[in-house]
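Dock chain one against chain two, each of which comes alone in its own frame, and use the hints as you go.
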Amino acid sequence: MRFEITENEPLTDAVWDLRLTGDTGAITRPGQFVQVALPGFYLRRPISVCAWGPASLRLVYKVLGQGTEAMTHLQPGDALDLLTGLGNGFDPAVLGDSPLLVGGGVGLPPLLGLAEALLRAGKTPQVLAGFNRAEEVFLTEDFRALGIPVVITTLDGSLGLKGLVTDALPSLRFDSLAACGPLPMLKALHRAVQGVPALYSLEERMGCGFGACMGCSIETASGPARVCREGPVFRGEELMWA
Amino acid sequence: MKDLSVTLSGVTLKNPVIPASGTFGFGQEFAGWYDLNLLGSISFKGTTGEARFGNPTPRIAECPAGMLNSVGLQNPGVDHVISEELPAMRKLFSGPLIANISGFSVDEYVRCAQLLTREEQVEILEINISCPNVRHGGMAFGTDPAAAAEVTRAVKAVATKPVYMKLSPNVTDITAIARACEEAGADGLSLINTLLGMRIDLNRRKPVLANVMGGYSGPGIFPVALRMVYQVTGAVSIPVIGMGGVSTARDVIEMMMAGAKAVQVGAANLVDPMACPNIIVRLPEEMDRLGIHSLREITRV
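Which chain is which? The protein sequence lines are A and B, in order.
Here this note's numbering is used: the first sequence runs in plain steps of one and ends on residue 378.
Here this note's numbering is used: the second sequence runs in plain steps of one and ends on residue 1134.
Isolated chain B (complex conformation) (with noise of 0.2 Å):
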């Protein structure tokens, strides 16, 4: 058996496959295609103060190579996760979970942050500053660098548990957002959320989204996600979960030569239930094809 372990600020995952938020619900989806226990972590549903149901549809857009999604943070809100959700989840999975949080005020996020980090099996707090599909919110806090210290600090002051920061690629200068969230006590970084997209129905001659706006995910943003997944971990210290398009092992070993310790698996998700399971399948024979002995030996190029 080969290593396929990865540590993140000191918590080990068995691999370094995670799907990410927003595909993967709370996993009961996916529990009958296969063991949820063959994952490393679970990125749960990006969780609020209070139940939301989101955007109108249609919200989702077919494009080459990915899609577009403007859901717009639909979940039962923290109470919700953690009396339901949660307790559902541990049946499936034994392993440590991320916590994806989202929020439309600093407040909202610490006091999700409060409720999450007292979770024996959230390992993790994911803080998405990166939604693109709610206003005065979600993205808000990630396209600039003083917004996303605040947010970094305030959910720190609460969390027992490592807080990674979910960044934005709709920005100028993501090394500057990160550099912020390290130098406010982030412990790490997940990117990229969603790219900024829209498509037009030419017979309607309107918008394919009821919301105008939504966010391309899938195999056509993987060489932004990792560009960026480089940029910043040539510009911070804190280690980085890699995402964005990953959809095969080759995809996996490249996010983590582009200097990622663990990758997230997203869109890829809907297209294909086995996406997961089928890479983590497929990612020792990849290593042994590239003469790589364990994972941990990888290093940013």
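So that you can see chain A by itself, here it is in the shape it has in the complex (with noise of 0.2 Å):
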């Protein structure tokens, strides 16, 4: 599917904000992911969604390697490629009236659509959002815009609470939780709050991204799953945290 980029800018010194025009009509949940074909690259880069129009599109990421690197210099105007309307995605139903959304990093991008599909579903969500430091932190204003409080924590205290996202969290009121971010995050946070439903997006080194190379598979409770493909969002229950 062809997408053609309005805007590519930094919010930090790592994470860069791509606005796109193209039709979305494949997205159909929050917490879904697009595969980036990038030129000079064989495999395509999965970017989860970050929010959705019916013709716009925009893609929070981290540049983490020779690939995202190569995206930050997309320009306006520029095309391109995209396969859509990846993975499960978060299912608002799973979620209480007060879900807790917990965001580690560039694990907060697609916690916005998700946000403001619980805020259409006349639920309450609030953010929790863990970084190393002040300058690392982003889109926190995006969730306040839309009415939703924010809780900050950083490791070395200078934002926010000091410390892990876990730390925060005897705080803070919910009935539910979602969460993306590091693997070790997601497993303190599942240790943290046994008993809540919870929905965790995990990340996995995808080759096609759709389900056919079966090169993203994790051992669930229910067999083997795709991290792409029955996934990246699993139940709590579902996940071997071992």
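Just so you know, these hints were derived from the structure itself, not from any lab.
Ideal placement from N, C-alpha and C gives every residue a C-beta, glycine not left out.
Any given hint might turn out to be false.
[As the list claims (entries may be wrong)] A few chain A positions that, by computed beta-carbon distances, are all more than 10 Å from chain B:
1) R155
2) T157
3) R194
4) K198
5) A215
6) T220
7) E252
8) R256
9) A257
10) A270
11) L305
12) E373
[Claimed, not checked] Each computed DSS-like pair below joins lysine-lysine, with the alpha-carbon atoms no more than 25 Å apart:
13) K298/A - K198/A
14) K835/B - K847/B
15) K1039/B - K323/A
16) K198/A - K1039/B
In structure tokens, the structure reads:
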């Protein structure tokens, strides 16, 4: 599917905000992802959908390697070939009336689309966002602009609460959880919120991104699952956290 | 309409384009993109006697002009393939299927072949003796002429469908393996499987793949595959299905000029789910440009 870039700007030293226009009809849920074809790179790059409209798409990505570095050179007007609507995404129905959305670093972007969906469903989400330091904070104002309270933690204490997202949990009231971020963070959350309905969005190195290559398989309570197809979002009880 | 049909050991395919095993699952993932009945055949996911999860992740690494995989034959096992996957596949594709079979022992190859040869829609058995991602099996059978011949004879003894042995490029002389399979009664050959490769993550100073090494596929291996198809078709008289980095209609024609009777498309499916139908649409146009009336007139150069 051909998309056209309208904006590609840095939000921090390493995180960029890419806005595109194109047919987003295949995107059905927040937390799905797209596969971006980049000239000069054989494999596509999986990037979570941050937010979308009928003909607009927002991808917030972190520069992690040569492919995402090349993405920073994309210019408004450039065309980009995407496979869209990949993965299962977050099912808002699994979450209660007061869900807590927890994002660690670049795990935060798909939670913005989820927050919008939850607001449309009449729920009252709050956000807990963890970063290493103040200069790395991004996207929190986008949640606040929706009227969603945001609690920030930083490892070095340069903004918000000093520590990890789990250090902020005792002060928050919520009836369900959706989280995306580094695996150690997800594991710590899972240990801390036993008994609360929880959805975790996983990351795995992918080949195709649509279920054909079996490159991103994990073991789950109900058997092998492809992070790209049965995931990337799994219920807490499905995951083998060992 | 141009005649794109080809014949493999008496099995007629409406065109020579076959998605390669391991890049196409059992077709379900592609049915949302196009009508699978456009395809000449489908070589479905490599099937073993028991269900296998495969290797730890990361299983994928990018390369210039291709990728490494170390999936390690993840599949639901032959019984599940027959009870669930093949009936589901039949609803999507009515043409001849190629059953790709892997094993860790001669007995396992035989058991899978015995079961899959009875399936009506399965017209060819493709015996994978070349998976680089598993120990004590797979490639071990494909790198020694005597072992390759032993698997061939054992499978031939139970097969009622043509048996194609899928060969590894990770050998000194692929024609020696090819001749051993032919002498042992193989009806045809499929080549090449992936080339054993490796990448290192410079930041982590560790191999990218959890399994350290993996199979290299993609356009980068096309010249190697073409050379091996050319060598093998010069050394044996049984038909060869050519594969390895095929990504375009021109690659298909080139592979057939190297001696292949049909062509499999692998990694290209993973980066462009429309790769096969696009090749099939372009094939007649390229044939016109090259003055080719029928694919059957293409012979080994």
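Pair hint K198/A and K1039/B, alpha-carbon separation not exceeding 25 Å: holds (22 Å)
Examine each Cβ of chain B, and state whether all of them lie more than 10 Å from the Cβ of A215/A. holds (15 Å)
Can we trust that E252/A is non-interface, i.e. its beta-carbon lies farther than 10 Å from all of chain B? holds (26 Å)
Cβ separation check - L305/A to all of chain B, threshold 10 Å: holds (29 Å)
Take a quick look at whether K1039/B and K323/A sit within 25 Å of each other, Cα to Cα. Roughly 24 Å separates the two Cα atoms, so the pair holds.
Interface-negative label, A270/A against chain B, beta-carbon threshold 10 Å: At roughly 25 Å from the nearest Cβ of chain B, A270/A sits farther out than 10 Å, so the non-interface label holds.
For K198/A, which was marked as not at the interface, is the minimum beta-carbon distance to chain B over 10 Å? holds (14 Å)
Does the claim that R194/A lies outside the interface with chain B hold up, using a Cβ gap greater than 10 Å? holds (24 Å)
Report holds if the minimum CB distance from A257/A to chain B is greater than 10 Å, and violated otherwise. Consistent with the label, A257/A stays out of reach of chain B, its closest Cβ about 27 Å off (over 10 Å).
Non-interface label on T220/A, tested against every C-beta of chain B at 10 Å: holds (12 Å)
Verdict on R155/A as a residue remote from chain B, using beta-carbon distances over 10 Å: Answer for R155/A: holds, closest chain B Cβ roughly 24 Å.
Any Cβ of chain B at or closer than 10 Å to R256/A, or is the non-interface label fine? holds (27 Å)
Checked against the numbered hints above, the structure violates none of them.
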